[in-house]
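Undergrad: Sequence:
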Amino acid sequence: MVLKSETRFLNRSEKTVKLELLTSFAVSGITPFAGDDAAGRLRVHRFRAAWAAEGRLVSESIEALHLERAYAGGIKLSERFGQVGSMPVRGWFPTALVEDTEMGVVWGARVACPTSWQMEVARRYDDVVLAGGYADREFGHWVKSVGPGEVFEAAPAWVTCVKGTVDDACDALLSVDVLAVEAQHAVERDLPVGYNDWGTSWGAPREDKLLEVADRLVGLGVRYLVIDAGWYMPESDNAHWATTMGDWKANPTRFPRGLVATAAAIREKGLIPGLWMEPEHVAQDSLAFQELDHLLHRDGQPLTLELRRAWDLHDPWVHKYLDDRVIGLLAEAGFGYLKIDYSETLGIGVDHQDSLGEGLRRHGEGTHALFSRIKTALPDLVTELVSAGGSRMEASLLQRSSMASSTDAHETLEIPIISAALHRLVLPRQSLIWAVLNHDDSTKRLGYTLASTFLGRMCLSGNIMGLEDEQLAFVKKAVDLYKQAVPVIRDGVSRCRTDQLGPSWRHPFGWQGVVRLTDTQALVVLHCFEGSPEHVRLTLPSIGDDQNDWQLMSVLTAMPVSIQGSTLEFSIAADFDAQVVLLERL
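Heads up, my numbering is the position in the sequence shown plus 3, with the first residue counted as 1.
Hints in this document: simulated from the structure, not taken from any laboratory. The beta-carbon is built from N, C-alpha and C at its ideal position, and this holds for glycine as well. There could be a bad hint or two in this list.
What the hints assert, rightly or not - Have a look at the derived ranges for each label pair, beta carbon to beta carbon: (1) R15 / G38: 36 to 42 Å; (2) L13 / R540: 41 to 47 Å; (3) D171 / L589: 21 to 27 Å; (4) Q304 / H371: 25 to 31 Å; (5) Q293 / I78: 52 to 58 Å; (6) F512 / G261: 23 to 29 Å; (7) G505 / P319: 51 to 57 Å.
Said to hold, decoys possible - List time: in silico EDC-like cross-link candidates among lysine to aspartate or glutamate, alpha-carbon distance up to 16 Å: (8) K7 / D180; (9) K323 / D296; (10) K272 / E309; (11) K79 / E123; (12) K252 / E238; (13) K7 / E141; (14) K272 / E215; (15) K252 / E335; (16) K79 / E63; (17) K378 / D326; (18) K323 / D288; (19) K79 / D130; (20) K21 / D129; (21) K323 / E414; (22) K166 / E105; (23) K447 / D578; (24) K272 / D218; (25) K486 / E66; (26) K21 / E153; (27) K252 / D327; (28) K378 / D296; (29) K486 / D211; (30) K447 / E414; (31) K479 / E123; (32) K79 / E153; (33) K447 / E473; (34) K166 / D103; (35) K18 / D180; (36) K447 / E335; (37) K486 / E335; (38) K252 / D288.
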């Protein structure tokens, strides 16, 4: 069960009231199963986030958090955490859980907020409380004036309580995203495979190379071809994709026929063309960077974020600019896919008569409005959410997007670890996972890379033109198997077996297995790291009271695997190998 929590403040007085805190939810009385302070049985679960390292589960006892009841019970204790700025998943995910380990009961909550937020695990007497919402005045520099008769609404949150595990509680909290994702364009129903040129051009795409790639993708079963950053970058020795964005005019040297012709040519090959943009920001070498009257300010000065400034999304002039340069361009060229990036935080806030934090909160409302304007103008557009990897993967924006680029870990060994961790925080059907392919990749390395994409949405990139026939055949095999696995990726539940994984993600040791299940299908994704054992056994979880025997349907790599009933055994010959197994229930 999951409940939506909404808080409204109505000022019934005759004076303006200034709010310094408004909590979205509060779950108290944890744990009702103990008549005392429940020593040694309560654990708090949170999820850390960093660039290219999103989703690490951190589990700590109440005692380790120094939240034991004081002998004078009325003393208030609190562990507060959250994120300040406009990249809300930059330090923590806005999800937290408290578990009664003796009873096997988990309480959890998830805040939907695109800007500053906070959560607290607090205690007074025996009572443990989990609460959260907008970051308050102390933490997030937030003060909000509410006039007589006015109503102010806090950010929504979802709360749950389950008899089960952390995975069960996270499944419940994520279930609220399903309806929003189902409402996306029908083309997304079968989770199409995409190709993004970032790992190919690295910020310098050009039409002729893209069309060569398009010819090769048609035979692989790919549907989306996305032109990433740099399509607007001028020809100059000093030009860089990150410093020139904001004017949104294609480079005529790299795209001599214009984006309309390029997109049309991609569609003629049976692919859906996509385009990268960062519409909320402008960079230092763009003309838009000097539109000071229409940009955000702090302390009366244009807010400069190293290379970037940000549009005032409540300014009608900005609305028209984005309608012309962003929405108009997408519509004119017939793009069917938009990758919406956001690569720098606004920090503590922006100028507003109430407070910096209120200016930032209102900017978040402007972001929501921009996403809505794009959707209204282009209802068939598929949208990808990205923010220096996964720094905006919170509920309000995930529910407004088709999918999210879950990490910027493009070619690293930890991709499968990040992708598995995110199963607790993002629906796998929304979690885009990179597979950057290189001409010197062995079949074993290709298997390791491509197996990761079965943990979410498959996104190919890299030097696909340099692959030999044998390598291409393996990629085609992976795409075909992925399409077979779509029902369980889309509709299943995940159970991760990561107890054999070492503490380092950058230098992984041991092995990891992820099992995803529906009533009729099972998908097992195994990755072996340094020091992996020669044999790994995985037993598929039971489904109800029925017989739980499975038959093996397809595998991805040459790693030997056998099945007996519901137990799989893998024979591992080398480190950094992988296997994907698709099964059906007998």
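Undergrad: Against the structure, test the hints numbered earlier, and report the numbers of the ones violated in rising order.
TA: 2, 6, 10, 13, 16, 18, 20, 21, 25, 28, 29, 31, 32, 35, 36 and 37
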